[in-house]
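K.L.:
Now for the letters of each chain:
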Amino acid sequence: DAGVIQSPRHEVTEMGQEVTLRCKPISGHNSLFWYRQTMMRGLELLIYFNNNVPIDDSGMPEDRFSAKMPNASFSTLKIQPSEPRDSAVYFCASAFEGHGPYNSPLHFGNGTRLTVT
Amino acid sequence: AQTVTQSQPEMSVQEAETVTLSCTYDTSESDYYLFWYKQPPSRQMILVIRQEAYKQQNATENRFSVNFQKAAKSFSLKISDSQLGDAAMYFCAYRSANNNDMRFGAGTRLTVKP
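Residue numbers (the numbering used here), protein chains in the order written: chain E, 4 to 120; chain Y, 1232 to 1345.
Treat the hints as calculated values from the structure; they're not laboratory data.
Treat the hints with care, since some could be wrong.
[As the list claims (entries may be wrong)] Facing chain E, a subset of chain Y residues (Cβ under 8 angstroms, in silico):
| hint | residue |
| --- | --- |
| 1 | Tyr1264 |
| 2 | Phe1266 |
| 3 | Arg1274 |
| 4 | Gln1275 |
| 5 | Leu1278 |
| 6 | Arg1281 |
| 7 | Glu1283 |
| 8 | Phe1322 |
| 9 | Asn1331 |
| 10 | Asp1332 |
| 11 | Met1333 |
| 12 | Phe1335 |
| 13 | Gly1338 |
[Stated by the list, open to error] Lysine to aspartate or glutamate pairs mimicking DMTMM-like chemistry, simulated, CA-CA at most 20 angstroms apart:
| hint | chain 1 | residue 1 | chain 2 | residue 2 |
| --- | --- | --- | --- | --- |
| 14 | E | Lys71 | Y | Asp1332 |
| 15 | Y | Lys1344 | Y | Asp1312 |
| 16 | E | Lys81 | E | Asp66 |
| 17 | Y | Lys1344 | Y | Glu1248 |
| 18 | E | Lys27 | Y | Asp1332 |
| 19 | Y | Lys1286 | Y | Asp1262 |
Note that CB positions come from ideal geometry on N, CA and C, so glycine has one too.
Next up, chain E with everything else stripped away, as it sits in the complex (with noise of 0.2 angstroms):
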């Protein structure tokens, strides 16, 4: 099982540029969050999706952020432009969720720590 990959690992940008972080969820799971860490805020949830369809979008900052899944295998969260206050770690998640309750554990990738200057 290779976990949730996400990349790049490291990404440095000027203010205006855009940025997309990509991440390849489980193969088998059904759900995909992106989250936000940061010291003053901690973890922020960004998005959700399930079965490729996002549910809740309602942690995405502005509209200057987008995230799709355009499949089962994989996401993007774009910035665009991006800000110096967008700085971060981005984490993407994924879960395997039946028809019962929401009830299994995220698994994270090791995030994207994101700089913009």
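Put chain Y on the given structure of chain E with help from the hints.
P.N.:
Just chain Y now, with coordinates in the frame of chain E:
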């Protein structure tokens, strides 16, 4: 909305001793799940232990156990025989049975002294 509170920003324990990390949560739901995650310096989030709210028995995983007090909305993590490798940030998390997201506390940084 559910909130998760970890009141101890930092904790320290001597190697081989026992330490308890606190977590409380606020919810009006009766069906939910609670988790503890560990985040070492490598940054990866690692599941430590999980508790179903409908179970009265406290979950245990080797040296890790929880004290789940549903009425008090408390979910503490006990680490026995602490090891140097236990040093990490520990996050308490709440997941509603009806809502496909997970909410995290602010975390507790655990230091293990040799």
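K.L.:
Is the hinted pair E/Lys27 and Y/Asp1332 satisfied, with a Cα-Cα distance of at most 20 angstroms?
P.N.:
At roughly 19 angstroms apart (the allowed maximum being 20 angstroms), Y/Asp1332 and E/Lys27 satisfy the hint.
K.L.:
With a cut-off of 8 angstroms on the beta carbons, see whether Y/Phe1266 makes it to chain E.
P.N.:
holds (6 angstroms)
K.L.:
Would you check whether Y/Asp1332 satisfies its interface hint, that is, whether its CB is within less than 8 angstroms of any CB in chain E?
P.N.:
Holds, about 5 angstroms.
K.L.:
Do the numbers back the hint for Y/Phe1322, that is, is its least Cβ distance to chain E under 8 angstroms?
P.N.:
holds (7 angstroms)
K.L.:
Hint Y/Gln1275 vs chain E: min CB-CB distance below 8 angstroms?
P.N.:
holds (5 angstroms)
K.L.:
Is the hint on Y/Leu1278 kept, meaning its closest Cβ partner in chain E is under 8 angstroms away?
P.N.:
holds (5 angstroms)
K.L.:
For the hint on Y/Arg1281, does the least C-beta distance to chain E fall short of 8 angstroms?
P.N.:
holds (6 angstroms)
K.L.:
Let me know if the C-beta of Y/Asn1331 comes in closer than 8 angstroms to any C-beta of chain E, holds or violated.
P.N.:
holds (5 angstroms)
K.L.:
Are the Cα atoms of Y/Lys1286 and Y/Asp1262 separated by 20 angstroms or less?
P.N.:
Holds - the C-alpha atoms of Y/Asp1262 and Y/Lys1286 are around 10 angstroms apart, at most 20 angstroms.
K.L.:
Regarding the hint that Y/Glu1283 lies at the interface with chain E, is the smallest CB-CB distance below 8 angstroms?
P.N.:
holds (7 angstroms)
K.L.:
Taking the least C-beta to C-beta distance, is Y/Arg1274 closer than 8 angstroms to chain E?
P.N.:
Nearest chain E Cβ about 5 angstroms off; hint holds.
K.L.:
Taking the least C-beta to C-beta distance, is Y/Met1333 closer than 8 angstroms to chain E?
P.N.:
The hint holds - Y/Met1333 has a Cβ within 8 angstroms of chain E, the shortest such distance being about 6 angstroms.
Checked against the numbered hints given earlier, the structure satisfies every one of them.
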